[in-house]
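Engineer: Residues 1 to 514, numbered by this note's numbering, are exactly what the sequence shown covers, in order.
Some clues are possibly wrong.
Here are the simulated lysine-lysine pairs, BS3-like style, with alpha carbons at most 30 Å apart [to be verified]:
id : residue 1 : residue 2
1  : 114       : 146
2  : 25        : 146
3  : 100       : 146
4  : 351       : 146
5  : 388       : 100
For each label pair, taking beta carbons as the anchor points, the in silico distance ranges come out as [to be verified]:
id : residue 1 : residue 2 : range
6  : 324       : 484       : 32 to 40 Å
7  : 230       : 279       : 23 to 31 Å
8  : 442       : 160       : 33 to 41 Å
9  : 387       : 115       : 17 to 25 Å
10 : 296       : 116       : 34 to 42 Å
11 : 230       : 315       : 44 to 52 Å
12 : 295       : 324       : 30 to 38 Å
13 : 208       : 230       : 44 to 52 Å
14 : 371       : 116       : 29 to 37 Å
Read the hints as simulated data drawn from the structure, not as lab findings.
Glycine residues also receive a C-beta, built at the ideal position from the N, C-alpha and C atoms.
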Amino acid sequence: MKCFRFCYESESVAPVGGSQPLDWKFSQVFGERTAGEEIQEVDIISAIEFNRNGDHLATGDRGGRVVLFERTDTQDHVGHRRDLEKMDYPINRHPEFRYKTEFQSHEPEFDYLKSLEIEEKINKIRWCQSSNGALFLLSTNDKTIKLWKVQEKKVKKVCNMNVDSTKAMGNGPIVGSSISTSSKQYIANGGCTSNDFSFPTGGFPSLHLPVVVTSHETNLMARCRRICTHAHDYHINSISNNSDGETFISADDLRINLWNLEISSQSFNIVDVKPANMEDLTEVITSAEFHPTHCNMLAYSSSKGSIRLIDMRQSALCDTHSKLFEGQEAPGSRSFFTEIIASISDIKFAKDGRHILTRDYMTLKLWDINMDSGPVATFQVHEYLRPKLCDLYENDSIFDKFECCLSGNGLRVATGSYSNLFRVFGCSEGSTEATTLEASKNPMRRQGQATSRPSRSLGNLSGVVRRVKGADNSGVDANGNAFDFTSKLLHLAWHPTENSIACAASNSLYMYYA
1 MKCFRFCYES ESVAPVGGSQ PLDWKFSQVF GERTAGEEIQ EVDIISAIEF NRNGDHLATG
61 DRGGRVVLFE RTDTQDHVGH RRDLEKMDYP INRHPEFRYK TEFQSHEPEF DYLKSLEIEE
121 KINKIRWCQS SNGALFLLST NDKTIKLWKV QEKKVKKVCN MNVDSTKAMG NGPIVGSSIS
181 TSSKQYIANG GCTSNDFSFP TGGFPSLHLP VVVTSHETNL MARCRRICTH AHDYHINSIS
241 NNSDGETFIS ADDLRINLWN LEISSQSFNI VDVKPANMED LTEVITSAEF HPTHCNMLAY
301 SSSKGSIRLI DMRQSALCDT HSKLFEGQEA PGSRSFFTEI IASISDIKFA KDGRHILTRD
361 YMTLKLWDIN MDSGPVATFQ VHEYLRPKLC DLYENDSIFD KFECCLSGNG LRVATGSYSN
421 LFRVFGCSEG STEATTLEAS KNPMRRQGQA TSRPSRSLGN LSGVVRRVKG ADNSGVDANG
481 NAFDFTSKLL HLAWHPTENS IACAASNSLY MYYA
């Protein structure tokens, strides 16, 4: 088997249609804006994340809010297998979601020591393991990480009072009473000025405690369980849960800290790239993620386009890496923009843990952790922008940070672009899939599949074939429309088990399936 092929030992049957392009269809949209509607800055989505089984989806926005959605298509058709077979439902249902709840995760703050405003924007959301029917998730802004617990609570009511429910107490009406008490005059401490209430002759024979009754009504409650703060001098760009279910990491420009979910008062610094003299600083950390199955391994990317794999078993402070992955620079291609466009904005492990997907400004790259000589596949995303790098530098668009994602079976990758477009590439052996979709109700409206370049070698490693796919050198879309650099699709997520993608276009959440 060649090095760039994915291998899943846990699957007895190989995925079908890996090399065939998927037919993407519109599924849902939440927060769709009307023509001419002004978008509020606080409503723009800044983070998207599916939970582990794909039954819940969380989004964060620039206003510090977290919105949760739950899957409904599996719940609506739950029943006995024989009953389901009689129903006229299609076998392949696509995921459908509905609004579940939302809560304010972060508020704007001010650092008085540094005279620095800390905005409430949610940078990242990560789901934790569920427990006893409750959902747990981590959310972070630039400085503070919070652990949230979302759970349905049954509403409790007080009944079986000592006085007749048809009479009014001094402290107000009895629960369940339908008699108006607007004509009564009350005084402090529950006294009543009216004389229509009197003790029975001989007093009450006995007094009993009121009974708290749990009703069938439920309310969703979001409660902050932990607040992790004062651990980062620079803006937090990543958080990632460990496979052990007990720890997670947080990363800023110069450091990566290890936390325990139950302890918010302290963290351990495991990576520190800050030099003794800041003038010697040549690169910063841009993203970090734990290995999906090995709790001792994590990877982090840098602004120079490199990825470092570290093993926490080697030392307490992981100053040295186990493996270093760097792309090879073509001779004579270096320019003022080389390091800027090489900076990696996002890093994702494949579900099997064998491959790593990275996104820089121009390309998507797929890496094999067993081969550090170069990427096994490169997918061109913004090659058509190369002549415009000066303009993009002037308007700061060259610093936009696009996210990337992989399908659950590892056969496809996706990332965003400008004009609210996103690209889907096939990464299985022999695949030429390179689909351009628009975040709208008609995703294929601006469809223009980019032709793939023929495979060519990017290194001197014998016997290894690397591929460059999806090169698109035009500055316009398939319909001849100029790209809109103000509409950028930065955030997207792939459903963990199905071919379904959720992506954010400004304040709208679009969902597609294939």
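Engineer: Work down the list of hints and note, for each, if the structure agrees.
Structural biologist: Checked hints:
For the suggested pair residue 114 and residue 146, the alpha carbons sit about 22 Å apart, so the restraint of at most 30 Å is met. For a cut-off of 30 Å, the pair hint linking residue 25 to residue 146 is broken: about 36 Å separates their Cα positions. Proposed proximity of residue 100 and residue 146 is supported: the alpha carbons are some 20 Å apart, at most 30 Å. A C-alpha spacing of about 26 Å is found between residue 351 and residue 146, which places the hinted pair at or below 30 Å, so the restraint holds.
For the proposed pair residue 388 and residue 100, the alpha carbon gap of about 43 Å is over 30 Å, so the pair is violated. Evaluation of the 32 to 40 Å hint for residue 324 and residue 484 yields a pass: the beta carbon distance comes to about 38 Å. For the hinted restraint 23 to 31 Å between residue 230 and residue 279, the CB-CB distance of approximately 27 Å keeps it satisfied. A hinted range of 33 to 41 Å is violated for the C-beta pair residue 442 and residue 160, which are about 60 Å apart.
One distance hint, 17 to 25 Å for the beta-carbon pair residue 387 and residue 115, is violated here, with the actual separation near 41 Å. Separation of residue 296 from residue 116 is about 35 Å and conforms to the stated range, judged on CB atoms against 34 to 42 Å. At about 25 Å, the CB distance of residue 230 to residue 315 disagrees with the hint of 44 to 52 Å. In this structure, residue 295 and residue 324 break the distance hint of 30 to 38 Å, their C-beta atoms being roughly 22 Å apart.
In this structure, residue 208 and residue 230 meet the distance hint of 44 to 52 Å, their C-beta atoms being roughly 51 Å apart. Remark: the range hint 29 to 37 Å for residue 371 to residue 116 is contradicted by a beta-carbon distance near 43 Å.
Of the hints listed earlier, those the structure fails to meet are numbers 2, 5, 8, 9, 11, 12 and 14, in rising order.
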